[in-house]
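Same order as they appear, the protein sequences are chains A and B.
Everything in the first sequence is counted per the numbering used here, starting at 1 for the first residue and increasing by one.
Everything in the second sequence is counted per the numbering used here, starting at 275 for the first residue and increasing by one.
Derived from the structure by calculation, the hints contain no laboratory data.
Do not rely on the hints blindly, as some may be mistaken.
[As the list claims (entries may be wrong)] Incomplete in silico selection of chain B near chain A, CB under 7 Å:
{"hint": "1", "residue": "L300"}
{"hint": "2", "residue": "P477"}
{"hint": "3", "residue": "A526"}
[Claimed, not checked] Listed next, the in silico BS3-like pairs over lysine-lysine satisfying Cα-Cα at most 27 Å (straight line):
{"hint": "4", "chain 1": "A", "residue 1": "K102", "chain 2": "B", "residue 2": "K280"}
{"hint": "5", "chain 1": "B", "residue 1": "K280", "chain 2": "A", "residue 2": "K98"}
{"hint": "6", "chain 1": "B", "residue 1": "K280", "chain 2": "A", "residue 2": "K180"}
None of the values given here were measured: they were computed from a predicted structure.
Think of the CB as a built atom: it goes at the ideal place given N, C-alpha and C, for glycine as much as any other residue.
Below are the chains, spelled out letter by letter.
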Amino acid sequence: MSAKESIGIRSFRFLTGALLIIWLVLPLIPLAIWSFAHGWFFPNLLPAKWSMRAWEYTFSDTAGVIDSLWLTIGISLAATVLSILIGVPAGRALGMYKFRGKEFVELLILAPIIVPGIAVVLGIHSVFISMGLNNTVTGVILVHLIPTLPYMILVMSGIFANYDPAFESQARSLGASPVKTFWYVTLPAIMPGIIVGGLFAFLVSWSQYILTLLIGGGRVVTLPLLLFNFATSGRNDITGAIGMIYILPGIFILLLTARHLSGRSGAVGGFGQI
Amino acid sequence: MSDRLKIFLLLAPALLIIGLLFFGGLLIGLMRSFNYMPVIGLTDPDLSAYKSVFTDREFYLSFLLTFHIAFTSTVISSILAVGAALLLRRQFVGRAVVNFLFQLNLTVPHLVGAIGILYLFSQSGSFARLAAEWGMIARTSDFPALVFDPYAIGIILQYVWKEVPFIGVIVLANMQSIGEDYESVARSLGASRWQSFRHVLLPLIFPGMLSASVMVFAFTFGAYEIPAILGANFPAALPVLAYRKYTDVDLAARPEAMAMAIVIAILSGVMIYLYVRYSRRRIRT
């Protein structure tokens with residue numbers, strides 16, 4: 001089919017492709033320019049003066065951006081580790097076994113993907129008040145599990161559906177302990193799933209805004225909260241700099257996992273929440 | 275150990291977390307929306323919160339706006355995503371770049387996209403500056419309001435920017451695993467390009483597109499930060515309105531906020547159900 005295609009169709013394809021490229025990067029450009037601008041007033045197409053002021057402020061000790069960066073990394077890492085610890089066994093149950101009520105269990109686990117976070121977080125907030133979890137990092141980590149855990153389970157049940165448990169029984173019959181069997185047989189086989197699912201869980205947690213805002217009560221200031229505050233207070237230059245920092249982990253994770261993102265993997269569904 | 279016990283133990287931690295946090299949160303929200311909270315001495319459930327929500331004109335305006343945002347964004351994103359996937363399954367100059375940007379875009383949080391759209395389309399944004407440069411406008415107020423506007427154009431632009439790659443990646447993977455054989459057969463039997471797309475390819479990629487667009491609808495209906503950055507003050511999107519009620523200095527507004535949260539949960543469930551049913555029927559005939 002492709003050999004007979006006319007110049008017209010080929011150039012149409014090239015043009016729409018070019019348009020798509022421009023549209024995809026367009027919103028990130030003003031953010032990048034603002035971070036180097038020293039005042040950038042209407043109707044200037046480009047800043048009249050450039051400076052590193054916003055970046056110097058962002059990396060200074062007084063701004064709190066770096067503290068917030070570490071806090072966000074810590075919260076997302078904790079949510080990821082918990083999701084892996086809880087999600088791998090659940091994924092194994094759903095991927096390898098057929099049992100009565102399985103569809104119902106799947107529905108329970110997938111419900112948080114469809115029901116908006118705002119609908120559940122208000123209720124959680126009033127429970128967390130009585131448990132003393134409000135305004136704490138622990139509370140924020142727990143509430144981040146609502147969006148991260150379902151994806152981890154989804155990815156892992158896909159991995160376990162293609163996993164052959166015969167290797168485990170062979171290892172056991174040759175005298176390996178359950179712990180050794182898990183460490184030397186199961187874990188290496190499911191590692192790709194844990195890595196991809198874990199990176200996704202990290203990104204989903206990384207992008208949470210309203211859950212952190214409500215449960216953290218303004219005391220747990222993660223990077224998106226800081227970004228929102230600067231954006232709504234009109235400090236465009238600092239907003240630009242924080243925005244650039246904020247998208248770095250995503251780019252890094254993309255470079256690591258690009259070949260897993262064929263769209264056939266359940267992991268891609270995670271992007272619906274970022 | 276029996277299989278049943280094993281399955282139970284494997285699932286227990288996940289069900290405990292999701293049950294306690296997610297369904298617990300929903301349940302407490304439901305109780306509070308009925309003014310029922312025995313712990314703090316409220317033992318007589320009533321419907322007053324729902325009454326004040328459903329008699330408030332702002333609620334209906336917010337609902338219409340939120341539905342418009344979610345519906346329009348989902349439909350536009352789905353159509354453009356299929357177009358983009360059709361483009362990306364062919365060889366052309368720059369395909370690798372588009373592919374990479376598609377995936378890059380998936381990792382950028384919505385909040386960053388919203389700020390980017392704000393800087394592009396606001397009345398002193400990049401496009402207004404371009405218009406001024408070309409002499410099309412003299413003052414910032416001459417530029418059409420595309421953010422903080424009643425039609426939520428900025429919000430929809432942001433969602434389209436973010437969701438076309440999301441749906442597109444899933445649809446493209448579907449197309450690649452289906453291959454082109456079916457379409458070739460249809461074409462050799464005399465079908466036009468459009469017919470082979472409409473009656474052969476589209477029904478095949480539809481399930482994948484539908485599940486992706488359901489996720490988009492749910493997200494766009496319930497998201498907070500994007501309408502909070504790009505939306506008008508009145509009417510605000512439902513999640514923004516619920517958050518405002520919840521953080522109101524008047525604590526009496528909290529049950530109202532809870533009622534709104536429950537309404538958001540129910541509405542998104544109902545609309546997703548209808549959307550799936552309706553579009554399945556449409557595409558089969």
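Taking the hints in turn, this is what the structure says about them:
The beta carbon of L300/B is positioned within 7 Å of a beta carbon in chain A (closest approach about 5 Å), and the interface hint is therefore held. For P477/B, the suggested interface contact is broken, since its CB lies about 19 Å from the closest CB of chain A, more than 7 Å. The beta carbon of A526/B comes no nearer than 14 Å to any beta carbon in chain A, farther than 7 Å, and the hint placing it at the interface is violated. A C-alpha spacing of about 14 Å is found between K102/A and K280/B, which places the hinted pair at or below 27 Å, so the restraint holds.
Pair hint K280/B plus K98/A holds up; C-alpha atoms about 12 Å apart against a cutoff of 27 Å. For the proposed pair K280/B and K180/A, the alpha carbon gap of about 19 Å is at most 27 Å, so the pair holds.
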